[in-house]
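Residue numbers (our numbering), protein chains in the order written: chain A, 1 to 89; chain B, 1 to 85; chain C, 1 to 131.
Just so you know, these hints were derived from the structure itself, not from any lab. Being a predicted model, the structure only gives us computed values, none of them experimental. One or more of the hints may lead you astray.
[Stated by the list, open to error] Simulated crosslink set (BS3-like; lysine-lysine; CA at most 30 Å straight-line):
1. B:K80 <-> C:K121
2. B:K25 <-> B:K80
3. C:K81 <-> A:K89
4. C:K121 <-> B:K25
5. C:K34 <-> C:K10
6. A:K89 <-> B:K80
7. A:K89 <-> C:K82
8. B:K25 <-> C:K34
9. C:K34 <-> C:K121
10. A:K89 <-> C:K121
11. C:K10 <-> C:K81
12. A:K89 <-> B:K25
13. C:K10 <-> A:K89
14. C:K82 <-> C:K34
15. C:K81 <-> C:K34
[Said to hold, decoys possible] Residues of chain B placed beyond 10 Å of chain C at every Cβ, according to the derived structure:
16. G17
17. F32
18. V77
For each residue, glycine too, the CB sits at the ideal point set by N, CA and C.
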Amino acid sequence: MSQLTVGVVYILCALTALACAVLLLRGYHDSRARLLFWSGLCFIFLALDNVFLFYDVIVVPDIPLTIWRTPTALLGVGLLLYGLIWETK
Amino acid sequence: MEEFFRGAIAMGYAVSGVYFLRFWKQTRDRLFGLFATAFLLLTVNRLLITLVGQASEVPTYLYLVRLAAFLMILWAVVDKNRRRN
Amino acid sequence: MNDIPNDLTKFIHANLTSVDQLRVLLLLFRSPAKEWEVMEVSSALYLQPDIAIAALAQLQACGLIVAGSSSRSYRYQPDTKKNAEFVQRVAQVDRERPVSLINLIYARPPDQAQAFADAFKLTKKEEEEKQ
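Just need the whole structure built from these sequences, with the hints factored in.
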């Protein structure tokens, strides 16, 4: 699998996550359902995670960006879990 | 320490997936089934990364798993809007 | 709106999802001995039949009304004394502060999972126009 394909995959993932974030945050604005706020934030961090991954693998393959990627993914999923646990019955 | 955080992230995806499964059961909305599958795939992705190790040479299938996860999400969005029309 | 007690507010949010449902409930409540056919409810309240059917089904699922002797008829009969009390209080609030009651019904906390799924609909305006 060429670098180009891999890069495209990561960008696609980032864009999908970003689209979800936008839709969820818009939905939060309309409905005030708090789960959407937390999950919207989560998807922003998921998008960032994929952007970092793109940079890590394609742009600066010699430099591991794990120190950026791990906290980003952790924060994202943490926010989602917080929303799922507290905002649902 | 790294391993700890990676494990935590994987667990986070897995639990989120289970929540989506619950929503699917409650609402019968296909979107939640697709999101549950997506997060399950993200969990598998994390698991595979750990098995492969810190190697910078990441096998092909890892990209495919991640791609599959996000394609599930895309499918959920498309599906939600297609049936409307 | 703030002077409607918490327990009544919870009852209203749990059982009444729309003003139409409120009107159907109160219609049946005011003539408790009568068995109402769906079309009677529909014409008495100027509601479209499918809306009346849905409201009646939801009220039945909440245990506030029961099915009558014929297949599409319903009668007011709450399943518990507590529910009967709540409905009486709702009727009272409807007499004294109808606008507050309506506002309260629409101020219900959103269903989180439903809102999540709905967020992914790209064209919401279209959805509203259809209704």
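Status of each hint after checking the structure:
1. At roughly 6 Å between alpha-carbon atoms, B:K80 and C:K121 fall within 30 Å of each other, so this suggested pair holds.
2. For the suggested pair B:K25 and B:K80, the alpha carbons sit about 17 Å apart, so the restraint of at most 30 Å is met.
3. Note on C:K81 and A:K89: the hinted pairing holds, with a Cα-Cα distance of about 26 Å set against a maximum of 30 Å.
4. Of the pairs offered as hints, the one joining C:K121 and B:K25 holds, with about 20 Å between alpha carbons and a cut-off of 30 Å not exceeded.
5. Only pairs whose Cα atoms come within 30 Å are accepted, and C:K34 paired with C:K10 is accepted, the gap being roughly 28 Å.
6. Note on A:K89 and B:K80: the hinted pairing holds, with a Cα-Cα distance of about 24 Å set against a maximum of 30 Å.
7. The straight-line distance between the Cα atoms of A:K89 and C:K82 is roughly 23 Å, inside the 30 Å bound, and the hint therefore holds.
8. About 38 Å separates the Cα atoms of B:K25 and C:K34, which puts this hinted pair outside 30 Å; it is violated.
9. Taken as a hint, the C:K34 and C:K121 pair is broken in the structure, with Cα atoms around 43 Å apart against an allowance of 30 Å.
10. Between A:K89 and C:K121, the direct Cα distance comes to roughly 23 Å. Compliance with the 30 Å bound is thereby established for this hinted pair.
11. At most 30 Å may separate the alpha-carbon atoms for a hinted pair to count; C:K10 and C:K81 meet this at roughly 16 Å.
12. For the hint pairing A:K89 with B:K25, the CA-to-CA distance comes to about 14 Å; that is within 30 Å, so the pair holds.
13. The suggested pairing of C:K10 with A:K89 holds, with an alpha-carbon distance near 14 Å, which does not exceed 30 Å.
14. At roughly 22 Å between alpha-carbon atoms, C:K82 and C:K34 fall within 30 Å of each other, so this suggested pair holds.
15. Between the alpha carbons of C:K81 and C:K34 the distance comes to roughly 20 Å, so the proposed pair stays at or under 30 Å and holds.
16. Non-interface status of B:G17 relative to chain C is upheld: no Cβ of that chain comes within 10 Å, the nearest being about 14 Å off.
17. Its beta-carbon lying about 7 Å from the closest one in chain C, B:F32 breaks the requirement of being farther than 10 Å from that chain.
18. A cut-off of 10 Å between C-beta atoms contradicts the statement that B:V77 is not in contact with chain C; the least separation is 5 Å.
When held up to the earlier numbered hints, the structure conflicts with 8, 9, 17, 18 and fits the remainder.
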